[in-house]
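Chains A and B are the protein sequences, given in the same order.
In terms of numbering that gives the first Met the number 0, the first sequence opens at residue 0 and continues consecutively.
In terms of numbering that gives the first Met the number 0, the second sequence opens at residue 0 and continues consecutively.
FYI, nobody ran anything at the bench for these hints, they're computed from the structure.
Heads up, the beta-carbon is just placed ideally off N, CA and C, and yes, glycines get one too.
Mixed in with the good hints there might be a few duds.
Now the in silico label distances, taken between C-beta atoms and shown as ranges [as the list claims (entries may be wrong)]: (1) A:Gly54 / B:Glu31: 30 to 40 Å; (2) A:His8 / B:Gln27: 23 to 33 Å; (3) B:Gly156 / A:Gln11: 29 to 39 Å; (4) B:Arg65 / A:Lys76: 38 to 48 Å; (5) A:Ser153 / B:Asn184: 37 to 47 Å; (6) A:Asn109 / B:Asn184: 40 to 50 Å; (7) B:Glu26 / A:Ser153: 30 to 40 Å; (8) B:Ser53 / A:Gln3: 16 to 26 Å; (9) A:Asn30 / B:Ala60: 17 to 27 Å; (10) A:Asn109 / B:Gln250: 56 to 66 Å.
With a Cα cut of at most 30 Å, we get these calculated DSS-like pairs of lysine-lysine [to be verified]: (11) B:Lys151 / A:Lys76; (12) A:Lys160 / A:Lys76; (13) A:Lys160 / A:Lys172; (14) A:Lys160 / B:Lys75; (15) B:Lys151 / B:Lys72; (16) A:Lys172 / A:Lys138; (17) B:Lys196 / B:Lys151; (18) B:Lys72 / A:Lys138; (19) B:Lys196 / A:Lys76; (20) B:Lys75 / B:Lys64.
Residues of chain B placed beyond 10 Å of chain A at every Cβ, according to the derived structure [what the hints assert, rightly or not]: (21) Asp14; (22) Glu16; (23) Val20; (24) Ser33; (25) Gln42; (26) Ser58; (27) Pro59; (28) Asp141; (29) Asp146; (30) Glu165; (31) Arg185; (32) Val206; (33) Met232.
Residues per chain, in single letters:
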Amino acid sequence: MREQDRLAHFEQAALPHLDAAYNLARWLIRNDQDAEDVVQDAYLRAFRFFDGFHGGDSRAWLLAIVRNTCYTWLRQKRAHDVTSPFDEEIHGAAYDTFNPERLALQSADNQLLREALEDLPVEFREVIILRELEGLSYKEIADVGDMPPGTVMSRLARGRKRLQRFLATRMSKEL
Amino acid sequence: MICQETRDLINAYVDGELDLVGNLEIEQHLQECSACSQIYRNQQALRAAISGGSLYYRSPANLQKRIQSAVRKSSKSGPAHRTVAWPWAAIAAALVVVIVTAFGLARLQSTPSATPLVTDDPLTQEVIASHVRSLMANHLTDVPSSDQHTVKPWFNGKLDFSPQVEDLAGQGFPLVGGRLDYIDNRPVAALIYGRNKHYINLFIWPVTGERDMATTTATHRGYHVFHWTRSGMTYWAVSDVNSSDLEEFVQLVQGRDTRTASP
């Protein structure tokens, strides 16, 4: 393939997914400026490996590279919170008091929800972002995250449970 | 359907990932069970709050321009990495670079610039595809073990030959395990070695009527391939580690064979 064609094909395949790429990176990195740098780095990598893309789902292909680039960045910054301890006692106490009606009222300013998501360990956060904000199916998330679909389901389940506990705890404090 | 089953599947249900029968079973249970149906409503409320909460970060206005110019810049200096700019070009001059035009047929080249030719070789493609598949399908090893005395006997009875297995952890390439693979219409041994976060697949199988063949190499889609034939066995090493690391690995394996072959 001529270099000019290769570049054109790449831009056609990858640039339409820039919002998806940035949204994922921004949620994993949790910081505007670094997320921009990571996304740019991911696009450069994607371009380098573009010959390995054989058509098909260019969004999943690109997001997989973005995710890997994010993890590399997180590891380098030692901010990798995959194994961050989660205090089931504190977060778990008020699980039953989770009140969706109140959540609906509170979501007006989003702040609490945003905090709850940012508080999640990254492996739960990423599946929730990809599912709820990007609308990806289990299979697509499995492709992006290089994990079996069963893992996608169990991480979504655990992530949502943690979110509910976090929200319930915070709401009960504000009562 | 009982509550526990429903709660296990409630996430797949709200995500629309269940089949028709699964959906019907859950729906029926939700009508009968108020506790489960409360959990379902909570899930729905949480989902609605997240997806309707304007939590999506759109990319900043200047980012696309910035990326386009960075990619174009790398494109101008880029073609080199796919053809001639080998990081170990100096070594390559000493190393005899052989291009495989067809399996078993080698053509000598004095420069590595024609290397991409090798990627047309169907066997090279097959070996790379097998490496990629082993990483994607979560089927890297059949026998995960860093112990060569576990991995080597595992192949007994599965193959009509016995591959040399040696842990190279001391040299920075720990043995990860072994796998039975199928290449070139025959079962072959795959030994998996680690290098930092990367994996190397070393495919081994016997070839008849072929004389020893010097090391040939290729790079395709970010994967490096080294291939040689010695003492009736053919070897393919594939990885996405940088090519100088893979070359070091290949030299270790070849040195190992020399050691084991000597009395």
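Q: Provide an ascending list of the numbers of those earlier hints which the structure does not satisfy.
A: The structure conflicts with hints 1, 2, 3, 4, 6, 7, 8, 11, 14, 15, 16, 18, 21, 22, 25, 26 and 27, although it agrees with all the remaining ones.
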